[in-house]
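Combine the two chains into a complex, taking the hints into account.
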Amino acid sequence: MSQNAPFFEIKNLHAAVEGKEILRGVDLAVNKGEVHALMGPNGSGKSTLAYTLMGHPKYEVTAGTVCLNGENVLEWSADERARHGMFLAFQYPVGIPGVTLANFLRTSLKAVSGQEVPALEFRKRVREQMRLLKMDESFATRYVNEGFSGGEKKKAEVLQLALLRPQLAILDETDSGLDIDAIRVVADGVNQVKGPDMGLLLITHYENFLKHITPDFVHVLWRGRIVTSGGRELVDRLLEEGYDPLFAELGLKAEQGAVAAGV
Amino acid sequence: MAKAIQEIGPSDYQYGFHDKEDYVFKSRRGLDRTVVEEISRMKGEPDWMRQFRLKSLAIFERKPLPTWGGDLSEIDFDNIYYYIKPSEKQGKDWDEVPEYIKNTFDKLGIPEAERKFLAGVSAQYESEVVYHSIREDLEKQGVIFLDMDSGLREHPDLVKEYFGTVIPPADNKFSALNSAVWSGGSFIYVPPGVHVEIPLQAYFRINAENMGQFERTLIIADEGSSVHYIEGCTAPIWTTDSLHSAVVELIAKKGAKIRYTTIQNWSRNVYNLVTKRARADEGATVEWIDGNLGSKLTMKYPGVWLMGPGAHAEILSVAFAGEGQHQDAGAKVVHAAPHTTSTITSKSVSKADGRTTYRGLVKVYPGAVGVKSNVRCDALLLDEESRSDTYPYMEIEEEQVSIGHEASVSKLGEEQLFYLMSRGLKESEAALMIVNGFIEPFTKELPLEYSVELNRLIQLEMEGSVG
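Just so you know, the protein sequences line up as chains A and U, in that order.
The first sequence begins at 1 in my numbering and counts up by one.
The second sequence begins at 1 in my numbering and counts up by one.
Looking at chain U on its own, in the form it has when it is part of the complex (with noise of 0.2 Å):
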C-alpha cells in the first residue's frame, strides 16, 4: 500500500528510504484515462479534481500540435511515464548523470548534498533545517506555503476557488496536458496586507516533486500584500524526462505585489512548454523575471491580464540559446482595464547555431483608456550561424493609449571587443563582459546569489563547455 506524499516527513529523510518497496509507483507509459484515475487516486484528491484531470484529459486529446512555435514533432507521447512518485525518482545512480552536468556542479562550486540532491540521485538536503524554520515564520503570518498536492488536500476549498481560473484546460493542448497529469509545484496564499520579506524558492520544499514534469503552480496574493517567489535554480537539472509542462497561475488581488523569477536551465534534452500567466486586479503589481539557458526546446509567455484600473505588469526576460538550443519565448499583456501600464524586455543571446525567438503579445481593449505600454525586444548573435526572430503582436482598440516598441539586433561590436582587448582582456573575456552588460537589465533584478550563478553560467555557456 503506498503511502501519500504529505506522510514522508523529516524523520523518513534522517534515516533514508529504507522502505523504498513501499512507495514505489510508476504509472505505465503512455496517457489515457486509466492513467489519470490512477494518479488522483494515488494522490487521495476530491472528486471535483478527478473531474477536472479527465476533462482536461479530453481536451488534450483533441487539440492538435501547435506548429507555429518549435519544432515539437518529435516528442513521443506515448513513450512517457506521466507519473513518478518521488521515491521511485531517487533510485538514478550518480554515474547516470552526463559529463557535463557532473564538470558544471563542479565549477559552479555546488557543495556535495546538493549536487546529488539536483541530479535526482537523493533526497538528502541540509536546507531541511532552514525550510522548517522559514515555515514557522510564515505560519506566524498567515501564510500558507505548500507544496501543491499538500495544498489541495488541507485547503481544498481555497484550491477549487482559484485553480484554472486563470488558464483553463482548454488554453492551449500543455495546459491541457499539465491539468490532466499535474503533480507537484507551489501553493502558496498570501493573507491581505502580509508583506512576505524573503524571496519563498521552490527548492525550500525539499521534495523530488520540485523537478516534476507537469508542476503545477498557483499564488494568490491577497489585498494588499505583496511576495516574491523564485522557481528553479541556476544548476542545470538533469532528468531522463524529455517532456517539461508546466502550470503556473499567479492572482494579485487589489493593490497586491507578485515578483515570480526563474532561471529556468533544463538539461539539453528536454521540451520545456510553459504556461504563465497573472490575474492583476486594481491597481495591482505583478512581475515575470524569466531566465532561460536550458532546455533543447522552450516555450514560454509569461503572461499578465491586467482586470483592474491601475494595474502594471512587468516582464523582464532573458533567453541564451546555444548549440542545437531552441528558445521560443516572449511575454503576453492583455490590458482589459483603464490606466493600466506594461513594460517589456525582452533580451536574447544566440550562440553557434542557438535560436531565439522573441513572441510577443500587447493587447489592449475598447474602453482600455490611458493604456501605457512599452516593449523592447533586443537580440544579440554571436556567431555567423546564430539566429533570432521577432514576432511582436499589437491588437490595440483604444484610441487614447500610448504604446512603444523597439527592437534591435546586434553582433558582437568589434569597437567594443577592441576596445576592451586594449585594456588587457582576452577576446573571449571581452565577449563575455558584453555579454554580461547586454543582459545587466536582467541581472540587477536577480538576488545576489542568483546574479552571482547566473554569471557564472553565462561564462560557462560562453566556454562551450557546457553541453
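Next comes chain A alone, as it looks inside the complex (with noise of 0.2 Å):
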C-alpha cells in the first residue's frame, strides 16, 4: 500500500459482457476530494464501468486492474468491495419486495460498518437525511425501490450514500429521470455527503447536473476508452457544442460503424 499510489486507480481496464469487448483499455485515477465526472454518448460503456468497478457478475474483465488504496479490487466479491468503502449508486435501482427501506438501510450499514448502530440514533439519522432530500418519511415503511418513481429511486440511492459515507462513490446518471428541482435536490444531497475523504465519480449524461456539482475534472468515454480529459472548460464546451466538434477534433466519429482514428 503505498502512500504515493493515488488513493482509486483504474488501469487498462478491458472488459466485457456476454463475449463482447466493451471497455478497450479505460485509464483513470482518483484522489480523495477529488469530483470525477464521466461523461460520454450512449453506448459509450459508461454504465458497463461503472458496473464494473462494482463487481457485477455479468461483466467479466478480461486485462487491466483496479486499485483502491493499492489494493486491487478486482480480487473481492460485490459485498467485499462495499465493505472495503466503495459504492455505486444505481442508474436503475432494482426493487425488493417485501423489505422495507428503513430495513435495507439499516441491514446495509451494518453489513458495511461493520457496527450496529442505536436504533434512535438510526431512526434520527434517516430522517434527517430523508428530510433534506425531500422525501417524505412514508419511504422508510415502502418496499424498497416497489411503486417509486424514477426520481424517488434516484433519492433513495443517495439517501444509501449518505448513510453509508463510502470512500468512493460511483455515481451512475444519477441525474436521469429527474425533474429540474430534483436534479437540484439530489445534487445538494451529493454536495452534502463529498468532502476531503471522499473520491466521487459522477458518470452523467446531462450536464444539467455538473452545474450543480462542480467537477475537478472531466473525462469523456468514447467505445470502451476515456479519449479526452479536462476540466470545468471542457465541460462548459460540451454544454454549448454537444459531442461533435470535440470528436471531430480528436478525429472521432459519434456514429456507430465509425472506427476510432489512432485511439
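What the hints contain is simulated information worked out from the structure, not anything from laboratory work.
Worth double-checking, as some hints may not be accurate.
Restraint-style ranges between C-beta atoms, simulated for each label pair [stated by the list, open to error]:
no. : chain 1 : residue 1 : chain 2 : residue 2 : range
1   : U       : Glu-406   : A       : Pro-196   : 48 to 58 Å
2   : U       : Ile-75    : A       : Asn-72    : 53 to 63 Å
3   : A       : Ser-149   : U       : Pro-447   : 27 to 37 Å
4   : U       : Tyr-393   : A       : Gly-19    : 39 to 49 Å
5   : U       : Val-409   : A       : Glu-116   : 32 to 42 Å
6   : U       : Arg-29    : A       : Ser-113   : 53 to 63 Å
7   : U       : His-155   : A       : Lys-124   : 49 to 59 Å
8   : A       : Asn-72    : U       : Val-409   : 37 to 47 Å
Positions of the beta carbon are idealized from the N, C-alpha and C atoms, including for glycine.
In C-alpha cells form, the structure reads like this:
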C-alpha cells in the first residue's frame, strides 16, 4: 500500500459482457476529495464501467487493474468492495419486494460499517437525510424501490450514499429521469456528502447536473476508452456544442460503425 | 389401573411422575377394532363417541390411499402405535434427540426447560403458571378452552352438536383415521359477543398430548365473537411418531371471526397429513395463517365453506421445502352463499431438491351472486433441482362473480442479489433478505415473537444447518 499511489486507480481496464468487449483500456485515477465527471454519448460504456467497478457478475474483466488504496479491487466480490468503502448509485435501482427501506438501510449500514447503530440514532439519521432530500418519511416503511418513481429511486440512492459514507462513490446517471427541482435536491444531497475523504466519480449524461456539482476533472468516454480529459472548461464546451465538434477535433466519429482513428 | 388424563394436575407436575408405572399405557402396534375400543375405554368416553370411532375405522379401512398428492406409499400402517398415553411419552432420553434438533434449540435461544419439553423429554414447564392465570380470565368470560378429551368429558352435548359436522369421517382416508383414533387437540367455545383478546396457544395446555399424532381440534365462535388460536410452535418437534394426521374443525357463527395460525415444523421423518376446514355463517370471517416448514411430506389444504351471505375467507400460506421435503399445500374455498369473498395467498420457497406444490380449489355454487375471489400463488426456486408445481382448480357455476388468479415462479434475481451485495451484504445474507421479503405478507400477520422466530428458522434453513 504505497503512500504515493493514487487513492483509486483504474489501469488499462478491459471488460466484456456476454463475450462482447465493451471497455477497451480505461485509465482513470481519482484522489480523495476529488470529483471526476465521466461523460460520453450513449453506448460508450459508461454504465459498463460502473458495473465492472462494483463487481457485477455479468461483466468479465479481461485485462487491467483497479486499485483502491493500493489493493486490487478486482479480487473482491461486490460485497467485499462495499465493505472496503466503495459505493455505486444505480441508474436503474431494482425493487426488493417485502423489504422495507428502513430495514434495508439498517442492514446495509451494519454490513458496511461492521457495527450496529442504535435504533434511535439510526432513525434520527435517516429522518434527517430524508428531510434534506425532500423525501417523505413514509418512504421508510415502503418496500425498497417498489412503486417508487424514477426520481424517488434516485433520491433513495443518494440517501444510501449519505448514510453509508463510502470512500469511493460512483454515481451512475443519478440525474437522469429527474425534473429540474429534483436535480437540484439530489445535487445538494451529493454536495452535502462529498468531502475531503471521499472520491467521487459522477457518470452523467446530462450536463445540467454538473451545473450544481462542480467537477474537478472531466473525462469523455467513447467506445470503451477515455478519449479526452479536462477541467471545467471542457464541461462548458460540451454544454454549448455537444460531442460532435470535439470528436471531429479528435478525429473520432460519434456514429456507430465508425472506426476510432488512432485512439 | 391407569389414571385418566384429566386427573394429572399441577401437583403431579410438581413432583414428577413418580407413579409412572400406574400410568403406562401403550396400544400395541397396528390398528383394528380392539385398539379403537381400548382407546375409547381408556378415555371413558360416551358411547356415541365409541360408535363414531368404530364407524370411522371401517371407513378408513375401506378407503384407498390417495395417489394425487405426495408419495404415501412408504407409510407402514401396521407398524404404528396409534395411542400412547402422555406419561409413557415422557420416557424419552435427551440423548435420543437428534443433533440437529439440539442445535436448533441452541440457535433459537430456547430455554433449557422448554427444550426438554419440546423434545418430549419432560412435562415440566414453567408456563404452567401462565396457563392457569389465563384460564381464570377466560373462565370469567365464559370461554371454554380445554384439551379435546376434557372438552368431550365436561361438555358432551356441546361437542356432540358440532364434532364431525365440518369434516365428516368419510371426507378422506386420513380424516377417517383421525376420527377413529383421535386424541388430544383443543376444544374452544367462545360465547356470543365475547372477544378473546390474547391469542390462545396450544402449548398453554402443557400436556404432551399437544404433540399428539392424531390431534382433534374443534373451535366454535358463537355469534359476534372473535378468537385467535395459534397451533404448534416454531421449534422443531422431535418425535419418533412418523405419521401425524390431525383434524381441525372451525365453526364461525353469524358475525363471528376466527383466526387460526399454524407454524408447523415437524422433524424431517414425519408424514403430516392434515384436514382443516371452517364453516363460516352469515357475515363471519375465517382466517387461516398457515406456515409449513418441517416434515418429510405435508399434505394440507385449509378450507373455508362460506355458508352465509357476506362471509369472508382469508387463507395465507407459506411453505418452505428444503432437502428431501415435499410441501403439498394449498387452500379450498367453497362459496355457497351470495356476496361472499375470499382471498388466497400462497408463497412457497424450494431449496436444494425440495418440492412445493400449491393445490387449490375455488368453488362457486349457482346462486352465489356477487362473489369476489382472488388467488395469488408465488413460488421461489432457490436451486437448480428445486421444484414447484401449481394445481389451481376453479369450479365456477355462477356468472355474476369476480374471480381472479395470479401465479408466478421466480428464482433469486441476479440484479436483486447484486444490488444487495453492493450494499455490503454477503451473497447468503442477500438471498436471505430476498426470501424474507418474499414471505413478508405472511410474516407480518404473525405475533411479533413468532415472526422473529420464523425469520431465524428461515435463516437456519437457508444456511442448510438444519436437518
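Starting from the hint 53 to 63 Å, judge whether the C-beta atoms of Arg-29(U) and Ser-113(A) obey it. Hint holds: Cβ distance 60 Å, inside 53 to 63 Å.
Satisfaction of the hinted span 27 to 37 Å by the C-beta atoms belonging to Ser-149(A) and Pro-447(U): Check passed, 35 Å falls within 27 to 37 Å.
In this structure, is the beta-carbon distance linking Ile-75(U) and Asn-72(A) contained in 53 to 63 Å? holds, 58 Å
Do the Cβ positions of Val-409(U) and Glu-116(A) conform to the proposed distance bound of 32 to 42 Å? holds, 36 Å
If you check the beta carbons of Glu-406(U) and Pro-196(A), does the distance land in 48 to 58 Å? holds, 52 Å
Given the hint of 49 to 59 Å, check if His-155(U) and Lys-124(A) actually sit that far apart at their C-beta atoms. About 56 Å separates the Cβ atoms of His-155(U) and Lys-124(A), which means 49 to 59 Å holds.
Could you check the hint for me, namely that Asn-72(A) and Val-409(U) are 37 to 47 Å apart, CB to CB? holds, 39 Å
Starting from the hint 39 to 49 Å, judge whether the C-beta atoms of Tyr-393(U) and Gly-19(A) obey it. holds, 46 Å
Of the numbered hints listed earlier, not one is contradicted by the structure.
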